[in-house]
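Student: Sequence:
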Amino acid sequence: DFFFVNGDHIIPIEVKYGITRQKIVPKVYNTFIKHVGIKKAVIVTKDHLHEERRENLKILFRPAWSVYNLNTEFEKIP
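So that you can map any letter, position 58 of the sequence shown is 58 in this note's numbering, and since no number is skipped, the others follow by simple counting.
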């Protein structure tokens, strides 16, 4: 849905606000991993707080109420 760009670093931000029982990672992230080389992605959800790794990509699931504090996550970009 959005991209956060800081110099050479790109962080895709996907919003999945509906009620979900599972953590869904968009298939487009596989393309980003292979062709763009992103290191981190964010999925904004209604209520999930979770992190997972997929190949070299760290995926942060963050509830909508916590996105005001995402800048601290972005500061940790390698």
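Treat each hint with caution, since some may be false.
[Said to hold, decoys possible] DEER-style ranges, computed between Cβ atoms:
1. Asp8 x Asn71: 15 to 21 Å
2. Asn56 x Gly18: 17 to 23 Å
3. Asn69 x Asp1: 14 to 20 Å
4. Phe2 x Glu51: 18 to 24 Å
5. Asn6 x Asn56: 16 to 22 Å
6. Tyr68 x His35: 30 to 36 Å
7. Ser66 x His35: 25 to 31 Å
8. Leu49 x Asp1: 15 to 21 Å
9. Trp65 x Val36: 25 to 31 Å
10. His35 x Asn69: 28 to 34 Å
Derived by calculation from the structure, the hints in this document are not laboratory data.
For every residue, glycine included, the Cβ atom is placed at its ideal position computed from N, Cα and C.
Student: Against this structure, judge whether each hint is valid.
Tutor: Here is how each hint holds up against the structure:
no., hint, result
1, Asp8 x Asn71: 15 to 21 Å, "18 Å, holds"
2, Asn56 x Gly18: 17 to 23 Å, "28 Å, violated"
3, Asn69 x Asp1: 14 to 20 Å, "19 Å, holds"
4, Phe2 x Glu51: 18 to 24 Å, "19 Å, holds"
5, Asn6 x Asn56: 16 to 22 Å, "18 Å, holds"
6, Tyr68 x His35: 30 to 36 Å, "31 Å, holds"
7, Ser66 x His35: 25 to 31 Å, "29 Å, holds"
8, Leu49 x Asp1: 15 to 21 Å, "19 Å, holds"
9, Trp65 x Val36: 25 to 31 Å, "29 Å, holds"
10, His35 x Asn69: 28 to 34 Å, "30 Å, holds"
When each numbered hint is compared with the structure, a violation occurs for hint 2 only.
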